[in-house]
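Please build the complete structure, drawing on both the sequences and the hints.
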Amino acid sequence: RGRIVVGAMVELPPKIAARVLPIEDCLVWTGALTRGYGRVLWGTRVEYVHRVVYWELVGPISEGLEIDHLCRNKACVNPAHLEAVTHAMNLARSAPATKTHCAKGHLLTGRQKPHNRRFCRVCAAERALQRRDRAKRCD
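For the sequence shown, my numbering begins at 1 and goes up steadily by one.
Simulated from the structure, these hints should not be mistaken for lab results.
Computed from a prediction, not measured in an experiment: that's the story for all the values here.
One thing to keep in mind: the hints can contain errors.
Claimed, not checked - Below, in silico cross-link-like pairs of lysine to any residue (SDA-like), each with a Cα-Cα straight-line distance of 25 Å or less: (1) Lys15 with Ala84; (2) Lys104 with Ala84; (3) Lys74 with Glu24; (4) Lys15 with Arg72; (5) Lys99 with Tyr37.
Right under this line is the structure:
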């Protein structure tokens, strides 16, 4: 099969290389996207491009593993940015899991049940006060 060198000496299949744009360290897919992930017709199936690149350049993806984008760019197809990990590891590395502060800059310290999600106690207290004030005005 013919391969085309893109970026830092990465040999991508021609069908994929034709739609890749090197941006900083990433090789960004410029073709069709679904929820931010590149899609391509590969053989007779539509596949995620990052999975195809992994299969072609790194090897098969073991059962029970999924491909994590180490660069956090869903459209990136640079094999150096792709790693086969468990679903639990992929979730642990995700943006919500690594977020430490809310949009207003307060530290996320609370835990919300039943999903055990972190939240900002300062913003939660402000929202509770606003709800109480609105309820008082309605009486």
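Here is what the structure says about each hint:
1. Lys15 with Ala84: holds, 23 Å
2. Lys104 with Ala84: violated, 34 Å
3. Lys74 with Glu24: holds, 15 Å
4. Lys15 with Arg72: holds, 24 Å
5. Lys99 with Tyr37: holds, 22 Å
Comparing the model with each earlier hint shows a violation of hint 2 alone; every other hint is respected.
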